[in-house]
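*Asks:* Sequence:
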Amino acid sequence: MQERDTRIVRENGLEARIADMLEPAIVDLGFRLVRVKLSGMDGMTLQIMAERPDGTMTVDDCEAVSRAVTPILDVEDPINQEYNLEISSPGVDRPLVRPEDFARWRGHMVKLELAVPRDGRKRFRGEIRGVKDGDLVLRLEDLPDDGDPDIHLAFADMAEARLVMTDALVEAALKAEKAARRKAKKANGARATTPAEDAGGEE
148 MQERDTRIVR ENGLEARIAD MLEPAIVDLG FRLVRVKLSG MDGMTLQIMA
198 ERPDGTMTVD DCEAVSRAVT PILDVEDPIN QEYNLEISSP GVDRPLVRPE
248 DFARWRGHMV KLELAVPRDG RKRFRGEIRG VKDGDLVLRL EDLPDDGDPD
298 IHLAFADMAE ARLVMTDALV EAALKAEKAA RRKAKKANGA RATTPAEDAG
348 GEE
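Quick note on numbering: the sequence shown equals residues 148 to 350 in the working numbering.
Derived from the structure by calculation, the hints contain no laboratory data. Note that the Cβ used here is the ideal one computed from N, Cα and C, for glycine as well. Be aware that one or more of the hints could be misleading.
The following label-pair restraints were derived from C-beta to C-beta distances [claimed, not checked]:
id: 1; residue 1: GLY267; residue 2: ALA323; range: 32 to 40 Å
id: 2; residue 1: ASP175; residue 2: ARG251; range: 18 to 26 Å
id: 3; residue 1: GLU260; residue 2: SER235; range: 19 to 27 Å
id: 4; residue 1: GLU260; residue 2: ALA323; range: 20 to 28 Å
id: 5; residue 1: ARG270; residue 2: ALA334; range: 35 to 43 Å
id: 6; residue 1: GLU229; residue 2: MET168; range: 12 to 20 Å
id: 7; residue 1: ALA262; residue 2: LEU161; range: 14 to 22 Å
id: 8; residue 1: GLY294; residue 2: ALA334; range: 45 to 53 Å
id: 9; residue 1: VAL263; residue 2: GLY238; range: 38 to 46 Å
id: 10; residue 1: VAL206; residue 2: ASN227; range: 29 to 37 Å
id: 11; residue 1: ALA262; residue 2: ALA334; range: 33 to 41 Å
id: 12; residue 1: LYS330; residue 2: VAL239; range: 13 to 21 Å
id: 13; residue 1: ARG328; residue 2: GLY267; range: 23 to 31 Å
id: 14; residue 1: ALA306; residue 2: VAL239; range: 15 to 23 Å
Straight-line C-alpha distance at most 20 Å; calculated EDC-like pairs for lysine to aspartate or glutamate [as the list claims (entries may be wrong)]:
id: 15; residue 1: LYS279; residue 2: GLU247
id: 16; residue 1: LYS330; residue 2: GLU288
id: 17; residue 1: LYS184; residue 2: ASP240
id: 18; residue 1: LYS333; residue 2: ASP201
id: 19; residue 1: LYS184; residue 2: ASP221
id: 20; residue 1: LYS325; residue 2: ASP201
id: 21; residue 1: LYS322; residue 2: ASP201
Sequences and hints are given; from them, build the entire structure.
*Replies:* Listed below in structure tokens is the structure:
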């Protein structure tokens, strides 16, 4: 059975080598690796996309990941040319790389590409209806004239998936971020106030 925290959309070639190299250090910090991508924009850029389990990623978090992975990259030296290192959050129209990502963003639009064509088609776009028996249940945007508009796509066949930017997605992302911040603030506040309360009690 597919583990919820296992990435089902993964890199290939050099990007896969770098991901395997860096992911343990990123996980040890309490983050999850989302994606490793090499691009030729502004010279060569190595983008490491990561997040906390609740989907948040602050500037301080990015700096922490950068400090952890830079020594590994310096020692292993996987890229045989000068490059820029970029640590980033997934963003609102984020890649979806784990079954949990699809479940979390149920009801929102996604565009995806299969590694293995289905009925001669590789690209799909539609609403995430849920995750069932190791498959994504997708309601196609281009609904068929007859039959069930919901199709099942195997996660194992996916090459790439990304949320589609909509007003509803932006609103949901902002709500999720605020909820995560409130939870973190509450947890930090509890840790900060408990010793004082133990010492002096409530006023």
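*Asks:* Does each hint fit the structure? Answer for all of them.
*Replies:* Comparing the hints with the structure gives:
{"no.": "1", "hint": "GLY267 to ALA323: 32 to 40 Å", "verdict": "holds, 37 Å"}
{"no.": "2", "hint": "ASP175 to ARG251: 18 to 26 Å", "verdict": "holds, 23 Å"}
{"no.": "3", "hint": "GLU260 to SER235: 19 to 27 Å", "verdict": "holds, 22 Å"}
{"no.": "4", "hint": "GLU260 to ALA323: 20 to 28 Å", "verdict": "holds, 25 Å"}
{"no.": "5", "hint": "ARG270 to ALA334: 35 to 43 Å", "verdict": "holds, 42 Å"}
{"no.": "6", "hint": "GLU229 to MET168: 12 to 20 Å", "verdict": "holds, 19 Å"}
{"no.": "7", "hint": "ALA262 to LEU161: 14 to 22 Å", "verdict": "holds, 18 Å"}
{"no.": "8", "hint": "GLY294 to ALA334: 45 to 53 Å", "verdict": "holds, 48 Å"}
{"no.": "9", "hint": "VAL263 to GLY238: 38 to 46 Å", "verdict": "violated, 27 Å"}
{"no.": "10", "hint": "VAL206 to ASN227: 29 to 37 Å", "verdict": "holds, 30 Å"}
{"no.": "11", "hint": "ALA262 to ALA334: 33 to 41 Å", "verdict": "holds, 40 Å"}
{"no.": "12", "hint": "LYS330 to VAL239: 13 to 21 Å", "verdict": "holds, 20 Å"}
{"no.": "13", "hint": "ARG328 to GLY267: 23 to 31 Å", "verdict": "violated, 46 Å"}
{"no.": "14", "hint": "ALA306 to VAL239: 15 to 23 Å", "verdict": "holds, 22 Å"}
{"no.": "15", "hint": "LYS279 to GLU247", "verdict": "holds, 11 Å"}
{"no.": "16", "hint": "LYS330 to GLU288", "verdict": "violated, 35 Å"}
{"no.": "17", "hint": "LYS184 to ASP240", "verdict": "holds, 16 Å"}
{"no.": "18", "hint": "LYS333 to ASP201", "verdict": "holds, 15 Å"}
{"no.": "19", "hint": "LYS184 to ASP221", "verdict": "holds, 18 Å"}
{"no.": "20", "hint": "LYS325 to ASP201", "verdict": "holds, 11 Å"}
{"no.": "21", "hint": "LYS322 to ASP201", "verdict": "holds, 12 Å"}
When held up to the earlier numbered hints, the structure conflicts with 9, 13 and 16 and fits the remainder.
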